[in-house]
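Chemist: Chains as they are written, first to last, in UniProt numbering: chain A, 1 to 222; chain B, 1 to 222; chain C, 1 to 222.
Hint data in this document are derived by calculation from the structure and do not stem from the laboratory.
One thing to keep in mind: the hints can contain errors.
Between beta-carbon pairs, the in silico distance windows are [to be verified]:
| no. | chain 1 | residue 1 | chain 2 | residue 2 | range |
| --- | --- | --- | --- | --- | --- |
| 1 | C | 77 | A | 207 | 35 to 43 Å |
| 2 | A | 102 | B | 76 | 44 to 52 Å |
| 3 | A | 93 | B | 20 | 37 to 45 Å |
Going by beta-carbon spacing under 8 Å, a handful of chain C positions derived as facing chain B [as the list claims (entries may be wrong)]:
| no. | residue |
| --- | --- |
| 4 | 156 |
| 5 | 160 |
| 6 | 213 |
| 7 | 214 |
Heads up, the beta-carbon is just placed ideally off N, CA and C, and yes, glycines get one too.
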Amino acid sequence: MLPSVSLLDSFQASQFSVILAIYLVAITAEAMSGALVAGQRDMDIFGVAVIAFVTALGGGTIRDMVLGHYPIGWTQHPEYVYLVISAGLLTTLVARYMHHLKRVFLLLDAMGLIAFSLIGCSVALELNYPPVVVVLSGMLTGISGGILRDVLCNQVPVVFRRELYASVSLTVCLLFLGLSALDVDYNVSTAVCFATGLALRMAAIRFQWRLPVFSYQQRWED
Amino acid sequence: MLPSVSLLDSFQASQFSVILAIYLVAITAEAMSGALVAGQRDMDIFGVAVIAFVTALGGGTIRDMVLGHYPIGWTQHPEYVYLVISAGLLTTLVARYMHHLKRVFLLLDAMGLIAFSLIGCSVALELNYPPVVVVLSGMLTGISGGILRDVLCNQVPVVFRRELYASVSLTVCLLFLGLSALDVDYNVSTAVCFATGLALRMAAIRFQWRLPVFSYQQRWED
Amino acid sequence: MLPSVSLLDSFQASQFSVILAIYLVAITAEAMSGALVAGQRDMDIFGVAVIAFVTALGGGTIRDMVLGHYPIGWTQHPEYVYLVISAGLLTTLVARYMHHLKRVFLLLDAMGLIAFSLIGCSVALELNYPPVVVVLSGMLTGISGGILRDVLCNQVPVVFRRELYASVSLTVCLLFLGLSALDVDYNVSTAVCFATGLALRMAAIRFQWRLPVFSYQQRWED
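Could you build the full structure based on these sequences and the hints that come with them?
Modeler: Right, dumping it as C-alpha cells:
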C-alpha cells in the first residue's frame, strides 16, 4: 500500500510527467467514484456525467475561482473533460464489478488527494499568496470536489465525518510548504509528501483513525 | 407547440431584439417557477425573492464566474434584477391560478432553456474558449440556475432525473457550434436551434422521453 | 439592546478602527454559531473548522467572486483565518455553557449582520457598481455565509424562513445608500445604520416579527 521504490525513482527521473500521470489517474478515479454516488441517487446518465465532472474537476475549479486564477485549468485542457465524462459513463457499465476493486480505488483516491493537494499548493505559491492561503488552496483542491458532489447529491459531505482524509491533505500541504521553505529539492519534497500522505491515509483506513466528533444536540439557530 | 412562422421571420428581421425579448420572457418564467418551488418549502417572501433571482439569473452568474467574464451580466442591467424579483413576488399572489397555465409555462421554460444555451455559447465563443468549453458554457447557463434553486431548496436537482432537458441544451449547443463552424448566417442558425430545441423538448415532455437511469444500491463512499 | 452612547461617540472619534473591531467580533461570533450547527450534524473537528470558516468568511468570499474583486479579503489577512478557525474549535470545548450567552450572541450576530452589510455596500460602491448591485452586495455579504453553512449542513437555509433578518440587512443597505447620496458624513451615516439595524433586529426577535410566508403545496416541477 506504500509507493514502490520504482515510483520514487521515477519522480526523480521525471517529476513533471509523473505528477501529470498521477493527476490523470486521479481525476479518472474521482470521476468513477462520483458516478457511483450519482447511481445511489438513481440519476440519469446526464446526472452521472455532471457528478463525475464535478467530483473530478470541481475542486480545481473552486480553487481557481477563489484565487482569481483564470482561465480555469480544464477550460484549457478539453481532454480532461472528455476523460472524466467518459470515465463517469463507463462506470455505469462496469459498476457491478467495481466492489472487487475497492482496495485499488482507495489507493488511487489517496494518490489523487495528495496530487490535488500538491497542485493546489503550487498554484497558490506561484500567485504569491501567503502561507496559510497556500495550505487552504491545497486542501480546497483536494477535498472540495467531493464536497460539491455531496451537496449536489443532497447529503452532508462525507469529508466532514469520515476517517482521516482532510487531515491527510493538511499534513501533506504543511509538509510541502515546510520543505519548500527549507529549499529541499522539488522532486525529493514531492516524493516525501506522497510517501507520508499515503502511509497516513492507508493507516487511517486500516485502523479507522478518526478525528474527535463534536455532537451538539441543543437547537441554537432557528 | 413549434415556433410559428412569424417568429422565425422576425428572427431574420431583427435577431438581436428577438433574442433579448425571449431572454426577458425566459428569466421572468424562470423566476416564477423558482418562486413556486420556494413556496413548496414554505419560505417567506424574502426567500421567494432569492430563489426567484437565483433560478433566473444564477446560471449566467455561474457561467461568468467560471469563464472569468466580469462584470457579471445582471450587475450592468439593474432592470433584470427588478424584473425577476417582481416576477417572483407577483407569483405568490397568482400562484393558485398558475396550474391552468402549465402548458404555456413549459413552452416558455423551453424557450428560455434554448435562449440561455445560445447566449452561453456566444459568451464563451467571444472569449475564444475551445469548443468543448463553448458547449459546457451553454449548458451551464441553461441548467445551473435550476440546480442552484434545488440545492437551496434542499433537494436533488430535478435536471439530473427528469425527461430530456439538459440533453436539449446539449443538442442546441452542438448544433449552434456546428452551424457556426459551417459559417451559416447567425439568424438562420439561431432559428434552426430554436426550432430543433423546441421540437425535441416538447416531444420529450409529450412522450416522456428520459435518459437511461443508473441505479447503484451498494454503499461505496462512507 | 441599543448601541450605547459611548459606541456612537467612538464611531465619530475613529470610525475605521471601530468598524474593524466590530468586524472581528462579528466573524468570531459567526464562526462560533457555525460550529454549533456543525455539532448538530455530529461532524468531526475538521468539519467544525470548515463550517466555522465558511459561516464567518463565506459571505465576503461570494461577494468578491460575484463582483470580480480580487484578491479576496481573507487571502490578504491570514489572521482572520486563524481567528475564525480557533473560534470554531474553541466552541467545541465551551458549547455546553453557551446557551447562557444566547442573548449576547444574538446581539453580536446582529452587529455582525450590519457590519457585513455596510462593508459589502462599500466594496461595491468603490467598484462603481450601480445602486441595486450595491444593495445586493451588502445583503450577499450579510447573509450568504449562513446560507453556505446551511447548504453544507444539508438543511434549507434558515434565513429564508426566520424572523426579520435579511430584511434588516436590506433596510441597512438602503439607508446607507440613501445617506451616502445625501452626502451625509460617513461616521454619522454608519452610526445611524447601526442604531436602526439593531433596533429593528432586536424588535424582530422580541416580537417575533416575520415576513409573510408563501406556501404552495401543488407539485409543479418534477
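Chemist: Would you mind marking each hint as holding or not holding in the structure?
Modeler: Hints, one by one, checked against the model:
Between residue 77 of chain C and residue 207 of chain A the beta carbon distance is about 38 Å. The supplied range of 35 to 43 Å therefore holds. At about 51 Å, the CB distance of residue 102 of chain A to residue 76 of chain B agrees with the hint of 44 to 52 Å. Range check, residue 93 of chain A to residue 20 of chain B: about 44 Å between beta-carbon atoms, so the 37 to 45 Å window is met. Annotation: interface hint on residue 156 of chain C holds; nearest CB of chain B at approximately 5 Å, less than 8 Å.
Because the closest C-beta pair between residue 160 of chain C and chain B is about 3 Å apart, less than 8 Å, the hint holds. Hint status for residue 213 of chain C: holds, given a least beta-carbon distance of 5 Å to chain B, under 8 Å. At a threshold of 8 Å, the smallest CB-CB gap from residue 214 of chain C to chain B is about 4 Å, leaving the interface hint in force.
Checked against the numbered hints above, the structure breaks none of them.
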